[in-house]
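Colleague: Each chain is listed here by its residues.
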Amino acid sequence: MPLQELTPVATPYFFYGLSAVAVLSAIGVIMRRNPVHSAISLIFTLLSLAGLYLMLYAPFVAGVQIILYVGGIVVLFLFVIMLINIERMQREYQFNKQWLVGLLAAAVLGVLFVAVYVKGQSIFPQHAVRFPEQLNTQQVGKMLYVDYLLPFEIASLLLLVAIVGAVVMAKKRI
Amino acid sequence: MEITTLHYLVVAAALFIIGTIGVLTRRNVVIILMSIELILNAVNLNLVAFSRLYGLHGQVFSIFVITDAAAEAAVGLGILIAFFRNKETVNADEIDLLKF
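Residue numbers (the working numbering), protein chains in the order written: chain C, 104 to 277; chain E, 33 to 132.
Check each hint, because a few of them may be wrong.
So, partial list: chain C residues that the calculated Cβ filter (under 7 Å) puts toward chain E [as the list claims (entries may be wrong)]:
1) Gly120
2) Val124
3) Val126
4) Ile143
5) Phe147
6) Leu150
7) Leu152
8) Ala209
9) Leu212
10) Ile226
11) Thr240
12) Tyr248
The hints are simulated quantities; they were obtained by calculation from the structure and are not laboratory data.
We treat Cβ as the ideally placed atom computed from N, Cα and C, and that holds for glycine.
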């Protein structure tokens, strides 16, 4: 069933706003003392990334991100944070002994990224290709079950192994 | 200025670097695991940005990445709980014994 093509509006504002929220919340994740604050900052990052996926015409991945990542993984993090002792954690020193080397390594990585993006400008297409609006979820679902059936089944096996492993790890007596 | 693919790649690179700084400099293991989730999300943003140009394979792969991130977070937090029961600490530099 053909859908009307809708033109996007105010794209730079949405992009810069969502990207700013994502990057600032990511800085909040690594800098906060309280792990619960870090988890809430991670929620902000994941939600703004879901908005960026919507801007990239990927609504299914945006929905999966919100349901699985925010609704599953971060909730799991919060449960575990509640199980371990927070009060003593907040008063200790937060950064480890090799923080300077870590920062230098990340700076070298940043220089590498900048070099790749500046030198390789010619291979990135300069304008976004405009696809007509199609049924994204149906096509992703079809691809999952037709082209990527084996990785799909292996992913389900991986989740089974992860569940069994996590339960065995967290039990008091095996 | 029109938003091209390169804009999304730069945002993904920034998130990757911030996640790497978190993994390399923080002591708290829970924060380290959350920084690993940041790195995986940066990779997902790259995949979805390129899938806009080259077909839906990037989006399908990013769904698998999210699935793997869930499994890894569950197992990592299970290990953390198991260790916390033994030594009452969640700092990475105090976890230094191979056998009690």
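Colleague: Taking 7 Å as the limit, does the beta-carbon of C:Thr240 come near enough to a beta-carbon in chain E?
Modeller: Nearest chain E Cβ about 10 Å off; hint violated.
Colleague: How about C:Ile143: closest beta carbon in chain E under 7 Å, or not?
Modeller: 11 Å, violated
Colleague: Can we keep the C:Leu150 interface hint, with Cβ of chain E closer than 7 Å?
Modeller: 11 Å, violated
Colleague: Can we keep the C:Tyr248 interface hint, with Cβ of chain E closer than 7 Å?
Modeller: Violated, about 10 Å.
Colleague: Does the closest beta carbon of chain E sit nearer than 7 Å to the beta carbon of C:Val126?
Modeller: 5 Å, holds
Colleague: Let's test the interface hint: is any C-beta of chain E closer than 7 Å to that of C:Leu152?
Modeller: 6 Å, holds
Colleague: Mind checking the CB of C:Ala209 against every CB in chain E and telling me if the closest is under 7 Å?
Modeller: 5 Å, holds
Colleague: Tell me if the interface restraint on C:Phe147 is satisfied: Cβ within less than 7 Å of some Cβ in chain E.
Modeller: This interface hint is violated because 12 Å lies over the 7 Å limit.
Colleague: Against chain E, is C:Leu212 within 7 Å by beta-carbon distance?
Modeller: Interface hint status for C:Leu212: holds (6 Å vs cutoff 7 Å).
Colleague: Hint validation: C:Val124 versus chain E, beta carbon distance must be below 7 Å. Holds or violated?
Modeller: Because about 11 Å separates C:Val124 from the closest Cβ in chain E, which is outside the 7 Å limit, the hint is violated.
Colleague: Does C:Ile226 pass the interface check with chain E, least Cβ-Cβ distance below 7 Å?
Modeller: Violated. Min distance 10 Å.
Colleague: May I ask you to test the interface hint for C:Gly120 with respect to chain E, counting a Cβ-Cβ separation under 7 Å as satisfied?
Modeller: With Cβ-Cβ at 12 Å, over 7 Å, it is violated.
Violated hints, in rising order: 1, 2, 4, 5, 6, 10, 11, 12; the structure is consistent with all others.
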